[in-house]
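S.K.: Here's the letter readout for the chains.
2 protein chains.
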Amino acid sequence: MIGVFDSGFGGLTVLGALTERLPHHDFLYLADNARAPYGARSPEVVYQFTLEAVEWLFDQGCPLVVLACNTASARALRTIQQRHIPHHRPDRRVLGVVRPSVEALAGLPPGAIPGTTKPSLVEGLVAVLGTETTISSDSFGIELRKLAPRLRLVQQACPLWVPLVEAGELDGIGTEWFLHRYLDPLMQAVERPRRILLGCTHYPLLLAGIQRIVGSEIEILAQGGLVADRLADWLNRHPEMDARLGRQGQHNYATTDDPNWFSTSAQRLLGQKVTAKQVQLGNHEKGQWE
Amino acid sequence: MIGVFDSGFGGLTVLGALTERLPHHDFLYLADNARAPYGARSPEVVYQFTLEAVEWLFDQGCPLVVLACNTASARALRTIQQRHIPHHRPDRRVLGVVRPSVEALAGLPPGAIPGTTKPSLVEGLVAVLGTETTISSDSFGIELRKLAPRLRLVQQACPLWVPLVEAGELDGIGTEWFLHRYLDPLMQAVERPRRILLGCTHYPLLLAGIQRIVGSEIEILAQGGLVADRLADWLNRHPEMDARLGRQGQHNYATTDDPNWFSTSAQRLLGQKVTAKQVQLGNHEKGQWE
Chain A
105 MIGVFDSGFG GLTVLGALTE RLPHHDFLYL ADNARAPYGA RSPEVVYQFT LEAVEWLFDQ
165 GCPLVVLACN TASARALRTI QQRHIPHHRP DRRVLGVVRP SVEALAGLPP GAIPGTTKPS
225 LVEGLVAVLG TETTISSDSF GIELRKLAPR LRLVQQACPL WVPLVEAGEL DGIGTEWFLH
285 RYLDPLMQAV ERPRRILLGC THYPLLLAGI QRIVGSEIEI LAQGGLVADR LADWLNRHPE
345 MDARLGRQGQ HNYATTDDPN WFSTSAQRLL GQKVTAKQVQ LGNHEKGQWE
Chain B
105 MIGVFDSGFG GLTVLGALTE RLPHHDFLYL ADNARAPYGA RSPEVVYQFT LEAVEWLFDQ
165 GCPLVVLACN TASARALRTI QQRHIPHHRP DRRVLGVVRP SVEALAGLPP GAIPGTTKPS
225 LVEGLVAVLG TETTISSDSF GIELRKLAPR LRLVQQACPL WVPLVEAGEL DGIGTEWFLH
285 RYLDPLMQAV ERPRRILLGC THYPLLLAGI QRIVGSEIEI LAQGGLVADR LADWLNRHPE
345 MDARLGRQGQ HNYATTDDPN WFSTSAQRLL GQKVTAKQVQ LGNHEKGQWE
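First to last, the protein sequences are chains A and B. Once you know that position 157 of the first sequence is 261 in the numbering used here, the rest is easy, because the numbers rise by one and skip nothing. Once you know that position 175 of the second sequence is 279 in the numbering used here, the rest is easy, because the numbers rise by one and skip nothing.
Everything labelled a hint here was simulated from the structure, so no lab data went into it. Even glycine gets a Cβ: it sits at the ideal position worked out from N, Cα and C. Possibly wrong hints are sitting among the right ones.
Computed footprint of chain A on chain B; a stretch qualifies when at least three of its residues, placed anywhere within it, have a C-beta under 8 Å from a C-beta of chain A [as the list claims (entries may be wrong)]:
#: 1; region: 140-152
#: 2; region: 188-201
#: 3; region: 356-365
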């Protein structure tokens with residue numbers, strides 16, 4: 105079973121792409137709706153909440169967890185991978201969405217080994233849009249400088265886009281104004297970006313409006329498909345992990361808030377029947393994990 | 105020490121009015137920033153989070169707690185008052201902001217005893233604006249029907265106003281559009297409300313724009329002052345409680361997220377020095393309170 109974690113509903117856009125690309129694998133999606141959104145919280149709080157979610161997914165029998173949340177990937181993944189996993193869960197793996205996104209942004213094909221295969225885009229300007237916490241972490245910048253040091257990156261925080269999506273305000277004059285608010289600085293600059301990455305899983309729901317403003321010359325990358333392609337490739341290169349994952353095509357859902365409300369919203373987004381169960385995170389005694 | 109609880113920063117508008125009205129009393133303000141905002145969460149989650157906050161304030165030595173959060177007052181106060189306090193904390197009191205707001209909406213002066221003093225407004229239409237969870241609870245409607253059964257109430261949820269305030273978007277075309285989005289249904293109706301209550305502690309920060317749209321003929325009530333007047337009156341009528349409250353004029357602050365970030369934001373809102381400390385809620389073992 106592959107665990108997929110997001111603070112809320114946004115990660116369902118990634119889950120949808122994953123289940124399409126890996127239709128026989130089992131998935132368990134966990135949404136921390138009771139404490140969402142994570143995008144404006146401090147790094148320490150994001151780390152603590154993400155670790156609780158990852159540990160819960162491990163406990164349910166997931167040897168592999170994908171953080172489908174950019175804020176969690178940007179703020180918690182590295183510490184979990186480098187400090188928590190080696191000491192406490194050496195047989196488990198956690199992957200994020202930042203690294204595959206940056207590879208796609210630089211045009212590195214799935215499966216290519218950085219250093220041997222050259223990214224197709226090595227110069228010029230690209231852009232990432234994300235939440236305040238994601239952008240201020242500079243996670244996309246750190247990864248991109250390793251992969252394509254001469255490719256320049258402009259990063260733009262878009263604080264109101266998640267609330268707009270969660271309020272169902274996908275178009276209209278007010279929404280358009282707040283699309284312009286964060287896109288105009290990119291579009292009115294002397295040099296426009298060649299590619300724009302939507303570095304938040306909610307943003308693809310605003311894609312039509314974003315595309316209208318940036319025009320057809322600039323390529324817009326959403327994360328669902330590119331993360332799915334790269335996870336499939338990662339599993340090919342890690343057959344020992346792939347062998348541990350269930351293959352009955354089962355999809356399960358858990359939320360920290362009301363499961364009926366979650367199921368109704370998730371069904372609308374995914375277009376298929378969802379029956380979620382409610383779980384509690386953060387009620388473990390201190391010291392259980394450390 | 106009087107405990108004042110809000111999910112985030114909004115309750116500081118109430119705290120400011122309380123400390124001005126009761127300058128010699130000690131206050132402890134608790135903000136659950138790590139899990140804010142509460143406005144779209146399920147009633148069960150709001151109840152659980154609020155109970156954790158109230159119990160923490162009791163443990164710090166507050167015999168009296170004010171829920172300065174409308175969502176918490178609407179969704180958790182009654183159950184805490186009727187089920188939790190009598191069995192577990194019979195010597196403590198928790199008050200909310202819904203009841204005093206409804207008294208002010210109906211024009212009942214502070215200290216008046218419902219049933220003996222008549223509200224000044226007994227007929228016509230009034231309005232409440234609030235978060236989705238507050239409005240769908242119908243808490244303002246339930247209280248108002250008890251107090252002034254012939255006064256009619258229209259309730260309007262304004263889901264984007266809290267995110268707009270938290271993003272610092274207090275004016276501009278986008279904000280104005282979303283002010284109109286929720287106010288136009290009231291202003292374009294056949295009968296306009298005579299008074300509008302801002303039933304969310306964030307909304308006073310949008311007051312200038314709201315007033316511009318509704319005009320000067322409609323009275324707008326913000327909660328800070330009216331809650332302060334009614335708490336002062338309540339303490340006069342409950343001298344045994346008032347005697348238990350410290351009077352060194354001390355103001356203390358606690359948050360569940362980063363205390364430096366909280367202090368900076370709170371200082372800007374209150375115009376005075378704030379040094380917050382960080383606390384954890386929700387890590388108690390199950391069964392400790394029930």
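S.K.: Are the hints correct? Go through all of them and say.
M.R.: These are the hints, each one checked on the structure:
1. 140-152: holds (count 5)
2. 188-201: Result for this restraint: violated, n = 0.
3. 356-365: holds (count 4)
In this structure, the one hint that does not hold is number 2.
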